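Colleague: These are the residues of each chain, in order.
Number of protein chains: 2
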Amino acid sequence: MIIVLRLGHRRERDKRLSTHVGLTARAFGADKIVYSGEKDSSLLSSVKRVAKRWGGSFQVCYEKGWRNFLQKKKNEGFKVIHLTMYGEDFGKTIKKLKGDLLLVVGGPKVPGDLYGTADFNVSVGNQPHSEVAALALVLDRVVDWQHKKFPDAELEVKPCQKGKLIVKR
Amino acid sequence: MIIVLRLGHRRERDKRLSTHVGLTARAFGADKIVYSGEKDSSLLSSVKRVAKRWGGSFQVCYEKGWRNFLQKKKNEGFKVIHLTMYGEDFGKTIKKLKGDLLLVVGGPKVPGDLYGTADFNVSVGNQPHSEVAALALVLDRVVDWQHKKFPDAELEVKPCQKGKLIVKR
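Chains as they are written, first to last, in the working numbering: chain A, 1 to 169; chain B, 1 to 169.
FYI, nobody ran anything at the bench for these hints, they're computed from the structure. There's no promise every hint is true.
Remember, identical chains collapse to one label, so a pair may be satisfied in a single copy or spanning two.
As the list claims (entries may be wrong) - 25 Å max Cα-Cα, derived SDA-like pairs, lysine to any residue: (1) LYS15 to VAL110; (2) LYS164 to MET1; (3) LYS72 to GLY106; (4) LYS92 to TYR115; (5) LYS98 to ARG67; (6) LYS79 to LEU97; (7) LYS79 to GLN59; (8) LYS48 to LYS162; (9) LYS39 to ASP89; (10) LYS109 to ARG53; (11) LYS32 to SER42; (12) LYS162 to ASP113.
Nothing here was measured: the structure is a model prediction, and the numbers come from that model.
I would like the entire structure built from these sequences, with the hints used as guidance.
Modeller: Shown next as structure tokens:
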């Protein structure tokens with residue numbers, strides 16, 4: 001199982017980015033997104049709505065106390081992977097990322113204790129870019145997302161060379 | 001040369017996402033980001049500032065008339081690759097993406113004529129996710145970004161297992 005934990009959401013500033021984190025988690029094969037920071041019902045419902053329309057069993061929830069949640073998952077055997085531009089090169093650790101994973105992506109300011117709690121602090125390059133890009137790249141390396149199925153979708157896209165082909169069910 | 005063209009920027013709603021598009025373009029080896037849509041000086045200067053501090057020769061600019069710009073680049077021999085969830089699977093086309101590339105990422109509403117103008121409409125999966133994720137994955141496949149150098153940086157991160165190690169020059 002792969003869970004993505006998005007820390008430090010801010011209702012006003014982060015709505016669209018946090019939505020992209022959630023949708024990226026889902027599209028590239030994570031099972032669940034957990035938001036922390038400011039509670040934002042409209043964020044949760046908008047990601048849930050997309051997940052329902054486009055199929056699959058992706059879960060969306062909010063946890064106020066992310067440290068407790070993280071510890072609980074560690075106790076259950078999850079490895080905690082903190083995605084950060086300051087970490088070790090992900091190429092070196094990617095092969096160790098097996099079994100249940102909790103991928104943690106921060107907001108602008110990540111609490112310092114996370115670096116100690118995480119099993120791995122992993123960087124996707126050491127340049128500043130985006131938690132969305134980092135998450136996509138890491139999931140790309142650990143999930144066979146291109147063969148993932150999204151059953152019971154209301155909408156499905158059929159790939160095409162020009163224009164849009166959407167099937168409604 | 002690889003240029004990323006970000007269409008339909010909206011000053012209020014898209015500032016952070018458009019910033020992430022620019023930084024992702026830079027970190028994964030594109031040479032230039034061109035923003036279109038609403039002109040946003042603070043977006044341009046913030047991406048330029050990051051590019052200067054972290055080194056390399058990444059360029060940032062704005063083009064009001066994106067159709068003219070796109071046609072000009074086509075005339076110069078660039079292939080135009082439109083990243084869209086409705087396109088062909090990128091695994092099929094990725095090997096054709098050589099030489100000078102113009103990668104186009106949309107905002108929420110992409111003008112329909114772009115599907116016809118583009119040499120390839122390419123999808124990174126056919127699920128809704130993020131232009132940042134799509135851009136990162138495509139650049140990952142066409143650029144050897146992990147060996148890219150960013151000369152003349154004021155700041156440089158040294159990878160480490162715990163915490164942060166930043167070198168100032």
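Colleague: Give a verdict on every hint.
Modeller: Here is what the structure says about each hint:
1. LYS15 to VAL110: Both: 18 Å inside a chain and 21 Å across chains, each within 25 Å.
2. LYS164 to MET1: The answer is neither: 33 Å in one copy and 29 Å across copies each exceed 25 Å.
3. LYS72 to GLY106: within (19 Å within a copy, 40 Å between copies)
4. LYS92 to TYR115: Within one copy only: 17 Å inside, 39 Å across.
5. LYS98 to ARG67: within (22 Å within a copy, 46 Å between copies)
6. LYS79 to LEU97: Result: close within a single copy only, 8 Å intra versus 37 Å inter.
7. LYS79 to GLN59: This pair counts as within: shortest intra-copy Cα distance 19 Å, inter-copy 39 Å.
8. LYS48 to LYS162: Neither, since 29 Å and 34 Å both go past 25 Å.
9. LYS39 to ASP89: Intra 32 Å, inter 36 Å, cutoff 25 Å: neither.
10. LYS109 to ARG53: between (33 Å within a copy, 19 Å between copies)
11. LYS32 to SER42: So LYS32 and SER42 pass the 25 Å test inside one copy only (17 Å; across, 35 Å).
12. LYS162 to ASP113: between (49 Å within a copy, 10 Å between copies)
In this structure, the hints that do not hold are numbers 2, 8 and 9, in rising order.
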